[in-house]
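S.K.: Single-letter residue listing:
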Amino acid sequence: MAVTTYLNALNDAMRIELERDPLFYIAGEDVGRFGGPHLVTHGLWKEFGGERIRDMPISETAILGHAVGAAAAGLHPCVEIMYVDFMAVCMDELVNQAAKMHYMFGGKVSVPMVVRTLGGAGMQASAQHSQSWESLFTHVPGLKVVSPSTPMDAKGLFLSSVRDPNPVVFLEHKMLYGFSGECPDGDFTVPIGKADVVKEGTDITIICWSYMRYVGIQAGKLLQEKGVSAEVIDLRSLSPVDWETVLASVRKTGRALIVHEEVKTSGFGGEISARIMEGAFDSLKSPVVRVAAPDTPVPFNGNLEAEFLPNEKIVTDKAVQMF
Amino acid sequence: MEITALEKLLEHYRMMLTIREFELRAASLYEAAEILGFVHLYAGEEAIAAGVCGHLTEKDYITSTHRGHGHLIAKGGKLRLMMAELFGKSTGYCGGKGGSMHICDPSLGILGSNGIVGAGFPIATGAGLAAKTYGDGAVSVCFFGDAASNRGTFHESLNLAAVWNLPVIYVCENNQYGISMNVKDAMKVEHVADRGAAYGIKSATIDGNDVIAVSEAMEGILKDVRDGGGPFLLECMTWRHRGHFEGDPDFCNDYLYRSKEEDEYWLARDPIAGLRNTLVDEYGIGLARLDRVRAEILRELDDAVEFARQSPEPDASEMLRGVFA
Chain A
1 MAVTTYLNAL NDAMRIELER DPLFYIAGED VGRFGGPHLV THGLWKEFGG ERIRDMPISE
61 TAILGHAVGA AAAGLHPCVE IMYVDFMAVC MDELVNQAAK MHYMFGGKVS VPMVVRTLGG
121 AGMQASAQHS QSWESLFTHV PGLKVVSPST PMDAKGLFLS SVRDPNPVVF LEHKMLYGFS
181 GECPDGDFTV PIGKADVVKE GTDITIICWS YMRYVGIQAG KLLQEKGVSA EVIDLRSLSP
241 VDWETVLASV RKTGRALIVH EEVKTSGFGG EISARIMEGA FDSLKSPVVR VAAPDTPVPF
301 NGNLEAEFLP NEKIVTDKAV QMF
Chain B
324 MEITALEKLL EHYRMMLTIR EFELRAASLY EAAEILGFVH LYAGEEAIAA GVCGHLTEKD
384 YITSTHRGHG HLIAKGGKLR LMMAELFGKS TGYCGGKGGS MHICDPSLGI LGSNGIVGAG
444 FPIATGAGLA AKTYGDGAVS VCFFGDAASN RGTFHESLNL AAVWNLPVIY VCENNQYGIS
504 MNVKDAMKVE HVADRGAAYG IKSATIDGND VIAVSEAMEG ILKDVRDGGG PFLLECMTWR
564 HRGHFEGDPD FCNDYLYRSK EEDEYWLARD PIAGLRNTLV DEYGIGLARL DRVRAEILRE
624 LDDAVEFARQ SPEPDASEML RGVFA
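First to last, the sequence lines map onto chains A and B. Each residue of the first sequence is one higher than the one before, counting from 1 in this note's numbering. Each residue of the second sequence is one higher than the one before, counting from 324 in this note's numbering.
A couple of the hints might just be wrong.
[To be verified] Here are the computed distance ranges between Cβ atoms for each label pair:
no., chain 1, residue 1, chain 2, residue 2, range
1, A, T265, B, R592, 35 to 45 Å
2, A, R20, B, M642, 33 to 43 Å
3, A, R33, B, M642, 45 to 55 Å
4, B, Y580, A, I58, 53 to 63 Å
It is worth saying that the hints were derived from the structure and are not from the lab. Virtual Cβ for every residue (Gly too), placed ideally from N, Cα, C.
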């Protein structure tokens, strides 16, 4: 299998879909000539032209909103909102329009669109370009939400998302674009709603996604040194969640630790924790633990930002306390 | 076969009266608590829906508003399915899941009425992109009220339609009030059409209570838009005969925010009465013929209401179905 970066895996997936589906197009700020604010769409404008790779004015409401109409009328748009923070500008279009249309119109319309956006701290992009906001979307019935962390998942989940008949929020992480990993060539999909058991273990389940996958893996290694066998699960999809895999793991290990980059209060970890209580309470040997960002905006200063982010040491310490 | 001007006017008359009678029936059913929820009636504005949609085909898209019954009927919506949806019945357009504010039929190009003021702009704009992509000469029509033009969606969408040269016609129904606020207190320019210049979009203000004026304006605009001339902003001056919603105290009790004088001024310009006079005075159509049209419409409505009444409620299992396609 070839090794590629998260960024190039996404770019490759876009090229595959642009060649396969004439109704598929990409639109957003600077996605064309510039090659994408984070270069994810590099080269595509030259190859496919301005009607398939549409540069758009700085108009998040029109970027997301026009896609709702285009999708309802049969096109397959993939729009980019440069940072997840900017989603606040176009939430009506996503939440009240795209997400509700199929249900409130009695199934008469479907909205096959993908909203790519990215979150995450780690490069001192400060408070309005760094947050993680998964639970804002998982709280909305009618939206699918995925958050891949490897090149293979980025490509496979992207191709699943653009072929899904529903609106899908595709959450990337700015610190992952340069990450390399194995990724099949050509067309393949990773199903939405299937978690990835990254590492099997018997004593504790660490549940993570996006950049925190790597924190989970590192913590798993540190715990191994302490004689604790951790199972690490990368959810990949946050709506729907692969509860079966999560609950089966917790029933096996008896302990669950959730690590996410969202702030703790009302973060998605709360939902996971509650589901574990509901579905695997009798198996728990210790209360469920959440490791999350504190309830603050993301600070600019590098030391403060590092302090803000969950890391493998915190996860390991918290995990050890569960025994 | 060429349709004569008279036949066209009679079609408009039938359509406008169908909408009016539908709305009056909805009002009485609402008062009788047979229809529940929120209902916003289109009575008084019928010339716009009839004059605009009279030129559209099923391939053309529309987006509608919370005050949407008129647009849907004019675009070909079936009275039975609409009435059943207002009743929340399983046979309604949306199986009873949408209600008055959320009716949709993509097979007629109706991409939905909308409970969020100003939400139709980007949707209609995207449908315009789809029409342009398919290259079949279809257009997208976005109905909206004067108050919606103060939303950011108006700005972003018209700007986008202009730079992408999309076949979208933004039809403003300027009934002069955003719920209780007079348009003069809500914007500093005199006309919504004035705003078109800011986007490089052609625009016009016309008498929205004159179906002939609306129809003639649309004919010219459509030709240009279908030929690739880009978007158009058409402002139609009008007046809603009823409150913002059924139960609005301005209509039910007292003139809370609209004056008696302006109400009387506009009621004297009722689009249906106006067309009726034209048909009688200028075309020599007998009143008996027009009364027959009304009788037919009332029979159709009786049938629609009976259909809605007799239709089953949605099964409880429907609640969980259809969140995802």
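S.K.: For each hint, tell me whether it holds in the structure or not.
M.R.: Each hint tested on the structure:
Taking the beta carbon of each, T265 (chain A) and R592 (chain B) are about 57 Å apart, not inside 35 to 45 Å as hinted. Under the hint 33 to 43 Å, the C-beta atoms of R20 (chain A) and M642 (chain B), about 37 Å apart, fit the expected range. Between R33 (chain A) and M642 (chain B) the beta carbon distance is about 48 Å. The supplied range of 45 to 55 Å therefore holds. Judged by the Cβ atoms, the range 53 to 63 Å given for Y580 (chain B) and I58 (chain A) is violated: they are separated by roughly 37 Å.
Violation of the numbered hints given earlier is confined to hints 1, 4; the remaining hints are satisfied by the structure.
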